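Trainee: Work out the full structure, taking the sequences as your base and the hints as a guide.
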Amino acid sequence: MGVVPVDWATPIALVVVASSVLINAAPRSRSHGPFEMLAPVRGDWVALNSPGQTLPSHGTRGLGQYAAVDITWPSTPDTPPMVQNALRSSPAPEFPTFGADIYSMAPGTVVKTNSKCNDHAARNTWQSIAFMVTIEGFLRSILGVRALFGNHVIVRHDDGTFAAYAHLRQGSVVVRPGVRVEVGDKIAEVGNTGNSSVPHLHVQLMDRANPHAAAGLTMLWRDIELSGEIEDALKSLAKSPTGSAVRAMPRNGEIFRIDDP
Numbered sequence: 001m002g003v004v005p006v007d008w009a010t011p012i013a014l015v016v017v018a019s020s021v022l023i024n025a026a027p028r029s030r031s032h033g034p035f036e037m038l039a040p041v042r043g044d045w046v047a048l049n050s051p052g053q054t055l056p057s058h059g060t061r062g063l064g065q066y067a068a069v070d071i072t073w074p075s076t077p078d079t080p081p082m083v084q085n086a087l088r089s090s091p092a093p094e095f096p097t098f099g100a101d102i103y104s105m106a107p108g109t110v111v112k113t114n115s116k117c118n119d120h121a122a123r124n125t126w127q128s129i130a131f132m133v134t135i136e137g138f139l140r141s142i143l144g145v146r147a148l149f150g151n152h153v154i155v156r157h158d159d160g161t162f163a164a165y166a167h168l169r170q171g172s173v174v175v176r177p178g179v180r181v182e183v184g185d186k187i188a189e190v191g192n193t194g195n196s197s198v199p200h201l202h203v204q205l206m207d208r209a210n211p212h213a214a215a216g217l218t219m220l221w222r223d224i225e226l227s228g229e230i231e232d233a234l235k236s237l238a239k240s241p242t243g244s245a246v247r248a249m250p251r252n253g254e255i256f257r258i259d260d261p
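Just so we're aligned: the sequence shown equals residues 1 to 261 in the numbering used here.
Source of the hints: derived by calculation from the structure; they are not laboratory data. Heads up, some of the hints might be wrong.
Distance windows between CB atoms, simulated [said to hold, decoys possible]:
id : residue 1 : residue 2 : range
1  : Pro77     : Arg30     : 44 to 50 Å
2  : Ala130    : Glu36     : 36 to 42 Å
3  : Val83     : Thr109    : 36 to 42 Å
4  : Asp159    : Ala213    : 16 to 22 Å
It should be emphasised that the depicted structure is a prediction, and the values quoted were computed from it without experimental measurement. Backbone N, C-alpha and C fix where the C-beta goes; we use that ideal spot for every residue, glycine too.
Mentor: See the structure below:
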């Protein structure tokens, strides 16, 4: 392991301690099978930090993230690299995923929205990544859900579960609290707000509306087709699923398809 600069030592230590507390103290749900619903996107996508790889998918139970999944479009020749040796990070609109439509996974009622956060540049240079996982990440964790999730929508489903859709594009949320949504209704677009390195959708299922008090719930998307193909840029993250993995969900780096119904 490399030597950590003195200026970063304290923030890193605090992040480690905070993460340990979240893992051990976060609420836990009662035993349950995965809740079945439809995927929130259409077309070809690739998974990261997925429950199809392991649980907890994001390494923590905190903020209801136990079985959360991050998804983005597979890379094209025009997609900026996730990590590059450069002084300037890539603007969010340069990523093809930016602005992709997001749909409700199940019928329910919108309980919370936020759409005012600015879309920031990617964190895809070594220096910006280092800043994100230390100082920026620590400050966002102190500021709370809005700073971490950025623009987001929370929906209470008819079965009593709650879905959170995070990192949405500024001004793209087309629903408001109290509005009923049906499965497949558009709710927003993919952005790069909150604690997000590149434009992607972070989506999770919870047992209550407040992520700070929520236990994460497992889910599966019954309308997806797993390709078994791994995105070239993510092959280093693709490992055999662990015993806790939700096998019906894509593993890390796996490309999957959802046809437009």
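Trainee: Now tell me if each hint is right for this structure.
Mentor: Results of checking the hints against the structure:
Separated by about 47 Å at the C-beta atoms, proline 77 and arginine 30 satisfy the suggested range of 44 to 50 Å. Alanine 130 and glutamate 36 have their C-beta atoms about 40 Å apart, which keeps the hinted 36 to 42 Å range intact. Remark: the range hint 36 to 42 Å for valine 83 to threonine 109 is upheld by a beta-carbon distance near 40 Å. Taken as a hint, the range 16 to 22 Å holds for the pair aspartate 159 and alanine 213, whose Cβ atoms sit roughly 19 Å apart.
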